[in-house]
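Undergrad: Model the placement of chain R on the given structure of chain S, informed by the hints.
One letter stands for each residue in the lines below.
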Amino acid sequence: METLSILVVDDEPGIRSGVRRILAGHRVSFPFMDDDYMFECREAASGEEALLMLEEAPPEILLLDNKLPGMDGMEVLEIIRQKKMDIMVAMITSYASAEIAARATDDGAWDFIPKPFTPAELKSSIDLITKQYFLKKITRTMKEEGKKIRYQFLSVLSHELKSPLNALEGYLHMIRDKELGSDLQDYDAVLDRSLQRVEGMRSLIMDLLDFTKIRLERKDEKIEQINLRERAEMALSTIKPLAIQRNISVSYKGGDVYYDADPSDLDIMFNNLLSNAVKYNRDGGEVEVMIRKKSKGVEILIKDTGIGMNEEEVSQLFKEFVRIKNSRTRGIDGSGLGLSIVSKIAELYGGHIHVKSIPEKGSEFSVILPPS
Amino acid sequence: MVMNEEKKKTILLADDDPDIIFQMKHHLERWGYEVHAVESREEAERYLEGACPDLAILDLMMEEEDSGFILSYKIKKCRPEVPVIISTAVAAERGISFDMNSPGSRTWIKADHYLEKGFKMEQLKLLVKKYLD
Chain S
1 METLSILVVD
11 DEPGIRSGVR
21 RILAGHRVSF
31 PFMDDDYMFE
41 CREAASGEEA
51 LLMLEEAPPE
61 ILLLDNKLPG
71 MDGMEVLEII
81 RQKKMDIMVA
91 MITSYASAEI
101 AARATDDGAW
111 DFIPKPFTPA
121 ELKSSIDLIT
131 KQYFLKKITR
141 TMKEEGKKIR
151 YQFLSVLSHE
161 LKSPLNALEG
171 YLHMIRDKEL
181 GSDLQDYDAV
191 LDRSLQRVEG
201 MRSLIMDLLD
211 FTKIRLERKD
221 EKIEQINLRE
231 RAEMALSTIK
241 PLAIQRNISV
251 SYKGGDVYYD
261 ADPSDLDIMF
271 NNLLSNAVKY
281 NRDGGEVEVM
291 IRKKSKGVEI
301 LIKDTGIGMN
311 EEEVSQLFKE
321 FVRIKNSRTR
331 GIDGSGLGLS
341 IVSKIAELYG
351 GHIHVKSIPE
361 KGSEFSVILP
371 PS
Chain R
1 MVMNEEKKKT
11 ILLADDDPDI
21 IFQMKHHLER
31 WGYEVHAVES
41 REEAERYLEG
51 ACPDLAILDL
61 MMEEEDSGFI
71 LSYKIKKCRP
81 EVPVIISTAV
91 AAERGISFDM
101 NSPGSRTWIK
111 ADHYLEKGFK
121 MEQLKLLVKK
131 YLD
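Top line first, the protein sequences correspond to chains S and R.
With our numbering, letter number 337 in the first sequence gets 337, and the count goes up by one each step, no holes.
With our numbering, letter number 7 in the second sequence gets 7, and the count goes up by one each step, no holes.
The reader is advised that the hints may include incorrect statements.
[What the hints assert, rightly or not] A short, non-exhaustive set of chain R residues, derived as facing chain S with CB atoms under 10 Å:
id, residue
1, Asp17
2, Pro18
3, Asp19
4, Phe22
5, Met24
6, His26
7, Lys117
8, Met121
[Stated by the list, open to error] Within a straight-line C-alpha distance of at most 27 Å, the following computed BS3-like cross-link-like pairs (lysine-lysine) qualify:
id, chain 1, residue 1, chain 2, residue 2
9, S, Lys253, S, Lys240
10, R, Lys129, R, Lys77
11, S, Lys162, S, Lys240
12, R, Lys120, S, Lys178
13, S, Lys361, S, Lys303
14, R, Lys129, S, Lys178
15, R, Lys125, S, Lys178
16, S, Lys131, S, Lys143
17, S, Lys178, R, Lys8
18, S, Lys178, R, Lys77
19, S, Lys162, R, Lys7
20, S, Lys162, R, Lys8
21, R, Lys25, S, Lys162
22, S, Lys178, R, Lys25
Bear in mind the hints are in silico, worked out from the structure with no lab data behind them.
Where a beta carbon is used, it is the ideal one built from N, C-alpha and C, also for glycine.
For reference, chain R alone in the conformation it holds in the complex:
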């Protein structure tokens, strides 16, 4: 019996560090996802004009200190169903801590999960599975 091959889920990956892009793309593809990687908020916005990913993983600091928030806000505004993960190395040392579970923070942060850089790939895998499978 021939089954329709299930279409791969697409992930938008935005990070201004090409090495992080390389590494995350490698892992995400190995886990069976299609990855569209961009290195700036501007590029991500261009991509979003013509496509809709199943998940977005966004670096917080790109062109601006809060590029990830801006992007997340824009994604949620027109496609509220797309889950957004924001990753950053900035939180711990700046004393910013986000608690995505309190209703108050959810209203302004507009992202589904917040990931501190230096995370293990296994952690990422679980998280991506949670939103996509």
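Isolated chain S (complex conformation):
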């Protein structure tokens, strides 16, 4: 239950107390609102008094008579507009003139309540204003949250880009100052590490490009029927050199499965999942890809025999820039964007991804895509 405060501005005491009486105990509820609204009325007998009260404690709603002894309602409205006060205003007018209505609307009034009004008329106006108030509030919150997420993304991104730069800068200083002596060979390790950090930064930028691509809409004109087995095998052949180095076997199980999608989306997804399955595997381990047609679409299953994760780590996994940091993942490079990209793609097709994982045993990622 939320209570909105209403300021009633009218020079007739009868109208003020009438409004107060009608709205006492009145509740507004719409199916889309979480909470009911109730009202609390305050009164002002003139425009001047109203302005003082607005300054002190602005109400959510203002019921404003136009014909007032000193300054009139339109002038009050004008000041509210100039001061950019965030108040929903309804004008009470005894002679419904089109001219006043037009001027007041220009100045930000939301509604008109013709005088004299019945309790039912007043209540229905209040209901409407409350609905508008609620929608305005929701829109504002959503905008703020969107801004916050963007800001967070950028600040984390700049941190991720700065870290390799700091490391590189440190190494360059060491080389320039001949910290390791005059024998060039003594710098091999430092140079290798520098090159690796450059590589890491490059892959971060590539992931970032994928990421921004997915942030955009899914492109219907690029959707075609694709054989998921072919896309998976292509990704497998890309990852094979890395797998061979570490004696990890990679295999595809199953036949052809067709699905309507943008092939580049599926490529990004397979490449990310398979490179993780190899990167976070143990030497001599296995990676298995299975794709199955199901009654409710297709399931892509990628199993590895790697280092696995605990529950807490799994819960963090799909957030942007999150990398699981523990003794087992030390020395494994990554941008922290791969899985959040994969889950965004799955969502783009109305699907989802979930993970089963046991530390030291391995992980199983499954992507479920609904029928295309």
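TA: Same frame as chain S, but now just chain R:
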């Protein structure tokens, strides 16, 4: 005359970036300090159970976004005399700025100095000397 060789001062260095560890360790050792380097808050805590460094240099973001603060808090709680330097690349772009000199911030940050990454080694040297010599 034989003098007792002065015992080297020990520095706990915690940073999850192995390259930063390598570089800082190299410099600190060259300046004559003994360095115990760890790559996580967890490891640092294990080390602190059995040892007491003369100075701690902690990265802010390790396992958590604020690992450095947590560690610093724990060090100060049982060994308030150990100076703590927190280093991070995170401050400038997040708009967080720490002013270690105001009494208010000192009560909650619980570190002696705050160092923004990308610092010059000379800067580090002066700072370490200030706390150890």
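Undergrad: Next step is simple, just say for each hint if it's right about the structure.
TA: To see whether the hints hold, each was checked on the structure:
no.	hint	in the structure
1	Asp17	holds (6 Å)
2	Pro18	holds (7 Å)
3	Asp19	holds (4 Å)
4	Phe22	holds (7 Å)
5	Met24	holds (8 Å)
6	His26	holds (7 Å)
7	Lys117	holds (5 Å)
8	Met121	holds (7 Å)
9	S:Lys253 with S:Lys240	holds (16 Å)
10	R:Lys129 with R:Lys77	holds (24 Å)
11	S:Lys162 with S:Lys240	violated (31 Å)
12	R:Lys120 with S:Lys178	holds (16 Å)
13	S:Lys361 with S:Lys303	holds (11 Å)
14	R:Lys129 with S:Lys178	holds (23 Å)
15	R:Lys125 with S:Lys178	holds (18 Å)
16	S:Lys131 with S:Lys143	holds (19 Å)
17	S:Lys178 with R:Lys8	holds (25 Å)
18	S:Lys178 with R:Lys77	violated (41 Å)
19	S:Lys162 with R:Lys7	violated (37 Å)
20	S:Lys162 with R:Lys8	violated (33 Å)
21	R:Lys25 with S:Lys162	holds (20 Å)
22	S:Lys178 with R:Lys25	holds (16 Å)
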